[in-house]
Amino acid sequence: MTDHPIFKHGWIVVLAVGICAPALLSSYDLNLLGRFLAMAILAIGIVLIWGEAGILTLGQGVFFGMGGYCIAMYLKLSSLEAGALPDFMEWSGVSALPWWWVPFANPVLALLAIIVVPAVFSGVFAWLVFRRRIVGVYFALITQAVALTFATLLTSQQNTTGGYNGLTGFQTIFGLELGTTDGNRTLYWVTLAILALVFAATRWLIGSRYGTVLRATRDGENRVRFLGYNTTPYKVVAFALSAVFAAIGGALFTLHAGVVSPAFVGVVPSIEMIVWVAVGGRHSLWGAISGVLIVNFAKDMISSALPEAWLYVLGLVFILVVMFLPNGLAGLVDDLWQKYRTRDGSNDMAGSTGALEESK
Amino acid sequence: MLDATLLAGQVFNGFSVASLFVLAALGLALSFGLMRVINMAHGEMLMLGGYLAYLTYLVVPGPLAILVAMPVAFLGAALLGAVLELTVIRKLAARPLDTLLATWGVSLILQQAARSIFGPIGVGVTAPDWLNTGFLLAGVYIPSTRLFILAVAVVVLAVLGLVIARTRLGLLVRAVNQDRMMAAASGINVRRVDLAVFCLGTGIAGLAGVVLSLLGPVTPSVGQSYIVPAFLVVVMGGLGSMVGTTVAAIILGLVSAISQIFLDVSMSQVLMLLSVIVFLQFRPQGVVATRSRALEE
Amino acid sequence: MTADAHPAPYLLKVDGITVDFDGFKAIDNFSMTLDRGQLRVLIGPNGAGKSTLCDTIIGRVQSAAGRVSFNDEDITNLPEYEIVRRGICRKFQTPGVLPSLSVRDNLAVAAQKDRRWWRGFGRGVRKAEAVRVDEILEQVGLAARATTLAADLAHGEKQWLEIGMVVATEAELLLLDEPTAGMGPNETSKTAKLIHSLLGKHAVLVIDHDMSFVEELGAKVTVMHQGKFLKQGSVAQVRADPEVAAVYLGRAKE
Chain A
11 MTDHPIFKHG
21 WIVVLAVGIC
31 APALLSSYDL
41 NLLGRFLAMA
51 ILAIGIVLIW
61 GEAGILTLGQ
71 GVFFGMGGYC
81 IAMYLKLSSL
91 EAGALPDFME
101 WSGVSALPWW
111 WVPFANPVLA
121 LLAIIVVPAV
131 FSGVFAWLVF
141 RRRIVGVYFA
151 LITQAVALTF
161 ATLLTSQQNT
171 TGGYNGLTGF
181 QTIFGLELGT
191 TDGNRTLYWV
201 TLAILALVFA
211 ATRWLIGSRY
221 GTVLRATRDG
231 ENRVRFLGYN
241 TTPYKVVAFA
251 LSAVFAAIGG
261 ALFTLHAGVV
271 SPAFVGVVPS
281 IEMIVWVAVG
291 GRHSLWGAIS
301 GVLIVNFAKD
311 MISSALPEAW
321 LYVLGLVFIL
331 VVMFLPNGLA
341 GLVDDLWQKY
351 RTRDGSNDMA
361 GSTGALEESK
Chain B
247 MLDATLLAGQ
257 VFNGFSVASL
267 FVLAALGLAL
277 SFGLMRVINM
287 AHGEMLMLGG
297 YLAYLTYLVV
307 PGPLAILVAM
317 PVAFLGAALL
327 GAVLELTVIR
337 KLAARPLDTL
347 LATWGVSLIL
357 QQAARSIFGP
367 IGVGVTAPDW
377 LNTGFLLAGV
387 YIPSTRLFIL
397 AVAVVVLAVL
407 GLVIARTRLG
417 LLVRAVNQDR
427 MMAAASGINV
437 RRVDLAVFCL
447 GTGIAGLAGV
457 VLSLLGPVTP
467 SVGQSYIVPA
477 FLVVVMGGLG
487 SMVGTTVAAI
497 ILGLVSAISQ
507 IFLDVSMSQV
517 LMLLSVIVFL
527 QFRPQGVVAT
537 RSRALEE
Chain C
36 MTADAHPAPY
46 LLKVDGITVD
56 FDGFKAIDNF
66 SMTLDRGQLR
76 VLIGPNGAGK
86 STLCDTIIGR
96 VQSAAGRVSF
106 NDEDITNLPE
116 YEIVRRGICR
126 KFQTPGVLPS
136 LSVRDNLAVA
146 AQKDRRWWRG
156 FGRGVRKAEA
166 VRVDEILEQV
176 GLAARATTLA
186 ADLAHGEKQW
196 LEIGMVVATE
206 AELLLLDEPT
216 AGMGPNETSK
226 TAKLIHSLLG
236 KHAVLVIDHD
246 MSFVEELGAK
256 VTVMHQGKFL
266 KQGSVAQVRA
276 DPEVAAVYLG
286 RAKE
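Chains as they are written, first to last, in the numbering used here: chain A, 11 to 370; chain B, 247 to 543; chain C, 36 to 289.
These are computed hints drawn from the structure, not numbers from a lab. It should be emphasised that the depicted structure is a prediction, and the values quoted were computed from it without experimental measurement. Please note that a few of the clues may not be correct.
Listed next, the stretches of chain B that the computed footprint assigns to chain A, with coverage defined by at least 3 CB atoms under 8 Å from CB atoms of chain A [said to hold, decoys possible]: (1) 339-351; (2) 371-383; (3) 477-491; (4) 509-516; (5) 524-533.
The calculated DSS-like cross-link candidates involving lysine-lysine, where the alpha carbons are at most 30 Å apart (straight line), are [as the list claims (entries may be wrong)]: (6) C/K48 - C/K228; (7) C/K255 - C/K228; (8) C/K255 - C/K225; (9) B/K337 - A/K349; (10) B/K337 - A/K309.
Every residue gets a Cβ at the ideal spot worked out from N, C-alpha and C, and that includes glycine.
Okay, chain A solo, but in the shape it has when bound (with noise of 0.2 Å):
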């Protein structure tokens, strides 16, 4: 779809304003885009599981909190003195650390758990529901009482999780001081490193055999299936995959917000998430990328001249892309730029190769 000079050579001036950001913005504008650009990783695992494989998820926010609540565990634990609870425990009466916290102790637990406790989780979910065939309405249905279960949970579990108010009050990560410009600036490399990471590595898995097959999926997966494939796997696989995206993205968040509460987790910010892919384009990556951009920057501004008015523009905007541009921003630079090339006579429409031509 988006093959075009724009999308194609776009990266190189998009990574360089990337690059020169830390020098241009203040500390909290800096902080600011490195929140959007951690949520635009989770985007790109939205772009996979819903613009490639087609299946709307409304419960992306629960991934995005695991991550955030696995890595805040461990800073939580690693600002105390050995054998000391976090503070809203003591409040609360607890005696003894929860045995669930204990691993978060440990930094490379902490970190891996970042990345297994969603794909386990996801994975075990997704093969529940996708192996009995619940598909389409049915799955985001599920996936949005998921996101009102594990929100309900976190809230409520208030002696282990620190209920409504979340994890707060981080002070450093191996040695980095979060909140303060040096720390905010390592940050942001590390973000746009991981960014840059996940959005090649999708890349690629989109143009992948394995890419092929979970659109053809998309398109018609019975038909798939009588071609002899089992499809669950590869559905499986690409909820994973979002889902881990989520998390990395939920995680990074975190140390950049400083908080994780069950306010990033619920059934609201859940469809916030297809909001902002849906506003940029959902079969584009870089759509998806400028969607969460957009949109954030516009809540940033909207909501603190107008706080009353967000919401309205949030559900309008969100009626509107929905129903006149389904694919988005992305989609609507692209028929312009389809349009623009009808008219100039050089009509040459050869360019679309195939994912599963031979490539030498």
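Place chains B and C on chain A using the hints.
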């Protein structure tokens, strides 16, 4: 050990929770069966019903206000449903997932509108005295409000069953449900049937809102707390079947109420979700199965 | 292949299959056999159970009784992808092409031999499969349309593409459900030629009710009625059969 009266009480509670689920889910299930779309703003139809009940109480106070509020809420929600169907859902007819997203946008706007008009705190509706009582049945205290809700659900189910089985609208609905293309080809105005069913469904949600207002304050997000279980009921019930919806609602209502003897509310929510996933392992097509000849469905 | 060393008497053997849809017997104790490399046409009035029979063979519908064997192996009620892997592939009534993939990608997905997900982490089509895709593009006459999205094909072209996909799996048995639906006379006879070119390497079971097409195929015909076996023979024999005529004209009311 487990106390028999406690259990009996929770079973009764389960049925009353189930009747709320039924009222919230019926409209969803009806239009899902017919058009394969889910209206994410359905919860806000409950909310609207609640606020209309509140307004009715302001205009006609008195013990029978609730009986006035019910038709008002039904009509109000049905009207809003008609607007929604004509402006958004019809335009997205063949794209169920996009319909889901667009109607979520509507839901967000309606919630914010309620917040702007009525404030974020919520408004109270006091149940009339004749509902503020209760009685003991075999050692179990039965509050009248809960019994009233149960009665409303039973009446709605009965009336809806009659409409589907006996009226011309019901005949059309069954025809379109069975084979949309054939129904259209034989001269049925399929779109009008869609609209009628959608309005009927949102109207029922409006009624459910009145009933909800008896249990607690009406807030801008009141619909949200009931809508996710209602979605699960639809998923579990099978394509748009009234029987399936009712059975699924009863199962989930009982799971929710009985598990709360042992667990807190959030864990019982987890259990509800798990039971849906486990259920679908055995009956992925839902309580009531339908068959289709199309390759992709 | 061991099947070649000890050839089973039949490629496909349907033995007393019964399919029950909530009390309605869509297929009632139906049996038939098919030899390797042969063409067979299955006809019958609407609702005779032809498509349901295909559904049963490829595992889309569970049978209540009876047995389907393929190359002497019982394949009754296996999952559909397992049945395809053993060498049966089906073209559906409404063309089941993959609209957002190019014609070539449609065929490449079908031609891929190793269909396990982790083998997909690589780029490009394997050499032998790419050659096969090119052959099929020629065979079904879509070579000039290779980079077109399947969604943009004409209806007849979609039918051919799906036949091509089914062929690309190199299945020994192809089930073609109404391959000429929506085609004009020219396209229909082109399809008949295409089907003839497949024989020998593949056995083909065609479902259709267009009698002129059936005549053009000129193969042995099996007639189904109300889920039961009715008659079998050449086109001429079946045409002349009073019972078949009665069924088609609706006079057979038992």
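| request: Just pull the numbers of the violated hints for me, sorted ascending. | output: Number 2 only.
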